[in-house]
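K.L.:
All chains should be built: construct the whole structure from the sequences, respecting the hints.
Residue numbers (the numbering used here), protein chains in the order written: chain A, 1134 to 1714; chain B, 5 to 332; chain C, 50 to 369.
Any given hint could turn out to be false.
Stretches of chain B that chain A covers, calculated by requiring three or more beta carbons in the stretch to come under 8 Å of a beta carbon on chain A [unchecked claim]:
(1) 52-65
(2) 96-109
(3) 275-281
(4) 284-292
Sample of chain B residues lacking proximity to chain A, with all beta carbon distances greater than 10 Å (derived) [unchecked claim]:
(5) L17
(6) T29
(7) L146
(8) L169
(9) L170
(10) R233
These are computed hints drawn from the structure, not numbers from a lab.
If you're wondering where the values come from, they're calculated on a predicted model, not measured in any experiment.
Even glycine gets a Cβ: it sits at the ideal position worked out from N, Cα and C.
Chain by chain, the residues run as shown.
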Amino acid sequence: MNKRTRVLATALVTTLALGATGCAGGEKPDGSRDRGKNPALANSGAVLGGTPQKGGTLTILSNQDFTHLDPARNWVMGDMDFGTRLLYRTLLTYKAEPGAKGGELTTDLAEDLGVSSNGAKTWTFTLKPGLKYEDGTPITAQDVKYNVERSFSPDLPGGPDYAARYLVGAEGYQGPAQGKHLDSVKTPDDRTIVFELRKPFAEFPYATVLPTFAPVPKSQDKGPQYDNRPFSSGPYKIESYARDKQLVLVRNTHWNASTDTVRKAYPDRIVVTMGLKANQIDDRLITAAGADASAVSWDKLRPESTPKVLTKPDVKARLLAESTNCTEMLQMHTGRAPFDDVRVRRAVQYALDREAVLTASGGPALNDPATALMPGSLFSGGKQPDTLKIPLTGDVEKAKQLLKEAGKTSLTTSITVSNGDKAVGEAIQQSLGRAGIKVTIETVDPSAFYDTIGDTKNRTDLAYTGWCPDFPSGSTFLPFVFDGRYIKEKGNSGNHSLFRDDATMKRMDEIAAMTDAEQANKAWQELDAQILAKAPTAPAVVERRPLLVGTNIAGAFGHTSFGGQIDFATVGLKDPAKSAS
Amino acid sequence: MILYLGRRLLGVLGVLVAIAAVTFTIFYVLPSDPAAAACGKSCSAERLEAIRAHMGLDAPLWRQFADFVTGIFTGRTMGSGQYALHCDFPCLGYSYENSQGVWDLLVDRLPVSASLALGAAAIWLLLGLSAGVTAALHKDTLTDRALMVGAVAAASLPVYFTSVLLIFGLIRVAGLLPYPQYTAFGDDPLSWATNLLLPWLALAILYAAMYARQSRSSMIESMAEPYIRTARAKGLPRRTVVVKHGLRAGMTPILTIFGMDLGGLLAGAVITESIFGLPGIGRLFYGALSTGDQPVILGVTLLAATFIVVANLAVDLLYAVVDPRVRY
Amino acid sequence: MNTTSSTSTASPPKAAPPPVRAGSGPWQLARAELRRRTSVKLSLAVVAFFALMTVAAPLISALGGWGPEEFDKTAVDPYLGGLPIGPLGGVSAEHWLGVEPVTGRDLFARVVHGAQVSLLIAFSATAIVVVAGTAAGIVAGYFGGRVDTVLSRLMDLTMSFPSLIFMIAMMSVARDVNRIVLMTAVIGLFGWPGIARVVRGQTLSLKHREYVDAARVGGSGPWRILARDILPGVAGPVIAYTTLIVPGMIATEAALSYLGVGVRPPTPSWGQMIAESVAYYDTDPMYFVVPSLCLFLTVLAFTLLGDALRDILDPRGSGT
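P.N.:
Structure, rendered in structure tokens:
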């Protein structure tokens, strides 16, 4: 090796030097690698495998355990899908349909979509008659109220905080364990529940889709232990749950299909096998032998498995790749030098090579480059506009020029990324380096990530993180990410650019007060472009959720409102006899 | 003997307390805050404080340690009211990540790690010792050379490399074995064995190589001892000499290493478990690190240390049985 | 191996006679013996090769024309998960060993710089272990009494720590520190008792030799005796032992990096490279094989070298 190296080296030094500068100088303009149709999107908006047959065992292969299945604590996209589609019902839920229709509301426990009064400050829901738990006892409005109260308990952290943000008298409330109750949730009878809000909230029905609004009977509540055995109000109940090993669901015979328009409950049993290696899951589903034919994957396809999938038409036909609707952004600390200077921030926007970031996150087949802040689903036409028109690989000259205008020729800074985004961090490091911005990478464990970047004093200048709207409205995106009034010194979340801009905040208040949803949507979209021009962040990519399903799977599609996770309300088997018993 | 045992047990206890104290201190200064991790995406300062108080993180370090140590012997109750958590003897704390007591978690995962460790140990003892003894008895022959070259090479392969080769060869190409997915022995012994065979082999190859090298040299050494010559001179059959005298004396150093190795592996083979996705203690530990689950980290460290010191003690006691020259 | 006949009983720790023989000096004998063996020559060649790589990493990788952290987007296919374009993981005149998937970084440059990081950590950790272990062993063995008790308890305690588990934990806790220094320290922290025990045993057997007694009678202070009379006596086993623990150190560095608690990106190390490449073992085998082979060869070479040195310098110390 050594000898050959030396001989070759002398001959190659000159050509390589040329080659290297040629590469660093500039890529072919935007889109030169584009092969036309994206090979991974053939199944977009479609249901895989036709209509399932009733029966059989559906296997879910997972590399992890659920974060929380307790409805008061469940606030992770895939877990919410699993929980609310299989184990518990909420006041309202999303339609079980692929594409944009999955963002529409439909009734679940409630028999209507909610009645508002008092200028959208009071919301009343009426429960359907004849709803039952897994032991046959009736589901009551009081049980829904009880779980809303549980979500305030410090012993049960982790769940959505919409109730805390909007309900009257929520400040300082510590949950029902000490016998105290919330007066702002009223239950005049067993089937009626009334919520009183501090401020008008026209989109409150969307919030009632969240697991916070699922029923938990007080007699079954075991505090933190409830996480291991939630009591079922949905089509399945837990037969056994060995944490990080296996969860087995069997039919809840007291669930009545006639009260449920969404859940189809095709399989007889659902087995979640947890803690497997991600690559081994991919390999098993590519082969799809034996019981694996009736299996689906829980987590995203690994980037290194993509060549094995996309090059085989029969395997590719079993790949779902719905958008997660989360915009990943390079967020800059606008509160201090050097990123308090808008020219430096814009230089970063121009220096960022989104193609490299895209490749690092799994390639263009599984991600879309981001050209705006809010994901495409919040824009008319379902696509992000491109107002800045920066080339995909960046514009290094323009970035250098902007830096020069700001009086800087070179910069040293650092970025925090979560462990899983290490490759993305390296892509950012490399691309900003082209414009003379030297970046050091700090990798942090996923669990400590938000904690670390939430410490606004000690955090790095740059952070790579995103935001997903909780429901299809600009009001669940821009105010969370760019309202300076939500900034906290510690435990800061959402607004990681620490962006505090008076004009923006004023406009947000105006839009929030709008009663016409159409008009509000337009206004959010316009505001998006205005914020982008002020460059608090550089949007990078909108990821997709590539999921492989077995050959015997039917009725599978990625649900847009659950971050592209398979809708567990409708998935089932083509031939139940082929699955393991 | 009794006195000796008492003294050793006291020593074991001291070592464990020291290890607990060191681990506790290190993880108290851990930059990640388990309360914040539990609190989630959008956490107010006031809620964070409430959670910290609930987890007992607001007390001073010595107080938390004292609570922990007394809890092991007397059990503890955390929180109050309807949601109070009772953690009975031996209470090693409560994992908020897993919503389970640490002791229960360890008991739950131990069978997996023990299955892995004991199965692999059986294989590596069989392979390693027979290779070592064969090589020693045929010292400086071709057999000896071949065996030792193989052993040196195998000992130089990291377990994650061997694992990949095994996965590729036995699963992907030959299709002989399933992808490992742990089944409890009690549920289906056959499936237990077929699913564990690959991890056993991956782990055993490395250890077998080391044991072959070790047992060869001990064997050569013990066969040169004067009493072996005496035994031979007495006209005892070769087999008896080798097995009853040579092997017995030659096994003493092996026993020491075996105790350490097995003790270490029982508390989780982190890399092997993570490669094959086995839900053992090693993976529990690795997961706890990434979620900052301090009670589990502490519990696993203590369990591992316990296994090691107990294994050492057991080995020392066994010496008396194996090696007639040792007396206490 | 057991060339000298001995009557001592076999219970650890073993005492070995000092490698002093009549005629030519022990070191000359050792050198002659070493030169005789083919395995030694081969291992020395491999060790020298990687040592050179370590020292001259920037120079060598400059020959290839790529830095270890330089992306080459033209070398990978983004539509196939960033798989290298071309056969054998993108081996070409430009990239002699191919490229890393996704980033297109030059594998040759990375493996050369990885050698630097891996071996630097392994050697420094070994140095810490040997110096600390020898010092502790000599002091414990020579002074005996309370000093010995305290040091021996400390050895027992350190050996009772589940070291890998502890190393992983400490590495994942620490932040904002030089990873290479930290890793060296952490690995070194748990390694010293092994060598300390060997040295202690050796010292015990040397301490009442005539020449040591003579030095004591002659008025030499204890530190002088330790340095002038005891240290040379334990040098043989220490050198053999040192060579034998190097592969362990390399493997430990690789294991920690493999578990993701080692060096930080974009710094390459062999363990880190293997960890990243394991997932590509079937789609891009070259990426996986290159760093694995380097690790394998180095560990193998050091093991063979250590075996040979032990046979010659410490014919009875086959334990540990």
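K.L.:
Go through the numbered hints given earlier and state which of them the structure violates, listing their numbers in rising order.
P.N.:
none
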